[in-house]
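With the hints as extra help, turn the sequences into a complete structure.
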Amino acid sequence: MPLLRVDNMSHFFGGLRAVHKYNLVLEPGHIVGLIGPNGAGKTTIFNLITGIHTPTSGNIELNGQNLIGRQPHEIAALGLGRTFQNILLWRHMNVLEHVKMACYSQLEYGLFGAFFGTPRRHREENRITAKALHLLKIFELSEYQAQLVTSLSYGVQRRVEMARAMAINPRVLFLDEPTAGMTPDELNRMITIIRDIHQNFEVAIFLIEHRLKFVMELCERIQTLVFGEIIAEGSPEEIQNNPQVIEAYLGSEDVS
Amino acid sequence: MQLFLQNMVNAMQWGSFYALIALGYSMVYSILMLFNFAHGDIFMVGSYIGFGVATALLGLTVAFNFPLPGWVILVFTIILSMFLTSFVGMFIERVGYRPLRDAPRASAAITGLMIGIILETGNLALLGAERLSFPPLIDTVIFTVGGVHLTNKKILIVGVSLAMMYALHVFIQKSKWGMAMRAMSYDFQAVPLMGISINKIAPLTFAIGSGLAAGAGILYSLAYPVLDPYMGVLLGWKAFVAAILGGRGSILGAALAGFVLGFIEIFSVWIFPSTFRDVIAYSIILLILTIRPHGFFGQAHSTQLRL
Chain A
1 MPLLRVDNMS
11 HFFGGLRAVH
21 KYNLVLEPGH
31 IVGLIGPNGA
41 GKTTIFNLIT
51 GIHTPTSGNI
61 ELNGQNLIGR
71 QPHEIAALGL
81 GRTFQNILLW
91 RHMNVLEHVK
101 MACYSQLEYG
111 LFGAFFGTPR
121 RHREENRITA
131 KALHLLKIFE
141 LSEYQAQLVT
151 SLSYGVQRRV
161 EMARAMAINP
171 RVLFLDEPTA
181 GMTPDELNRM
191 ITIIRDIHQN
201 FEVAIFLIEH
211 RLKFVMELCE
221 RIQTLVFGEI
231 IAEGSPEEIQ
241 NNPQVIEAYL
251 GSEDVS
Chain B
257 MQLFLQNMVN
267 AMQWGSFYAL
277 IALGYSMVYS
287 ILMLFNFAHG
297 DIFMVGSYIG
307 FGVATALLGL
317 TVAFNFPLPG
327 WVILVFTIIL
337 SMFLTSFVGM
347 FIERVGYRPL
357 RDAPRASAAI
367 TGLMIGIILE
377 TGNLALLGAE
387 RLSFPPLIDT
397 VIFTVGGVHL
407 TNKKILIVGV
417 SLAMMYALHV
427 FIQKSKWGMA
437 MRAMSYDFQA
447 VPLMGISINK
457 IAPLTFAIGS
467 GLAAGAGILY
477 SLAYPVLDPY
487 MGVLLGWKAF
497 VAAILGGRGS
507 ILGAALAGFV
517 LGFIEIFSVW
527 IFPSTFRDVI
537 AYSIILLILT
547 IRPHGFFGQA
557 HSTQLRL
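Going down the list, the protein sequences come from chains A and B.
Counting from 1, one number per residue, gives the positions in the first sequence under my numbering.
Counting from 257, one number per residue, gives the positions in the second sequence under my numbering.
Only true hints are included.
Keeping only pairs whose Cα atoms sit at most 30 Å apart, straight-line, the calculated DSS-like set for lysine-lysine is:
1. A:21 x A:213
2. B:430 x A:131
3. A:131 x B:456
4. A:137 x A:213
5. B:430 x A:137
6. B:430 x B:456
Since the hints were made in silico from the structure, they are not lab data.
The structure is reproduced here in structure tokens:
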């Protein structure tokens, strides 16, 4: 049974058809890439599945559970973590707090403890802090734990976002352009990190990316989206040699 | 010098009221980007609830012939009234603000004004225009230290206010809910995707803000034991000024600005005729805001993306 299944999903913004009859099957442990020119509707697909928008029609199932009509926080709790294209971090919180924040729903203590500091709160906070520190280590962020995110480089901020997304114990991880704005060095490091978490956490990954080298290297299967419609889907080799993809996607890169 | 210290004491007392109420404005603003203009009236409701609780407790001690010392009743009154008033805040969030969460902010502001009017006139209709006097739970004791007159009530008011502010500080900095509130104040969109429901955090914020307003209401009633349905209007607006002066959405700023406001008011009476108090005080604040439009700790906000 696929972990995440999207059937015939369409979405309109007013009269604009943003996504048309979109299908996705994500098996446990797979990495699938979504590519396409700017404005093709890639981020919209992320927002539809994560519950920020409700699709006009279609079905979405995560682990056998219907996601349509659920609130974003419920979908996250069912095991769907994500990062954002334009990095949504909390400017005045430090790196450790970001990751702890994502463990919020795993913290078990009451309001009384929150105001007056019961032993239970301390125990719970310590447990979550240990978990967060462990995640920071995996994402090579330990040295930044006490820093505010605004003082960090773009590449490091992306890793903070990923660590935060992993803290909710996701079974599916959505990455929206994880290498945007990264140096070649940081890009290679990101490939290693994604491979690591993919193996160590047994998480399926669905990612949007513009750098083909990155997609080709990581993904087992690639979808190409143009004007809200999938024009090609297949292995990296198939996509690379698909004339439609070359025209719609790679062709447009030649112009710039 | 003696006069200066005396004024300082009075300023601290007034500052406590302003700070406690301003915190409620700031907390709600920081997470929902709206000013709850009914907040001054929640302070009034809190005072009335305090009156009700204190009267009931006094009645019980008489009925059961079990005389409790006044301060015990006061402690129970403060705790119970804060608890009950927090439900008033949650109710207002549920019926007044949640349906308008995606509406233009001006609509939400008007909702606040209307809820305020409903609370004032509702109270007037229910309890009548007669002013109530808050039961004197504790006797005033005057200490004189170096020529400065202190009363036990002033010390209590300032002490309890500071304790509440400290508890709030711990809550916001150290607890998971506080962390969620801070996160929401910087970015609204990412919070639900971490598995946190805005519909839990928003009522909680209203509850805490309203609880603090009730605390301020009872402390205020200790010092000025006359209750009337419009007691929250001017005080609420002044606390709102403090919230702006502290920097929109800044918790620390609101507390600090509340005290600053108290100082400016009291010290303008020291120098100028008392009838000019508010004219002078608020001219000074206008001047401060001209120089620092974002207040003490405020930052230029970019429009946040909202869900």
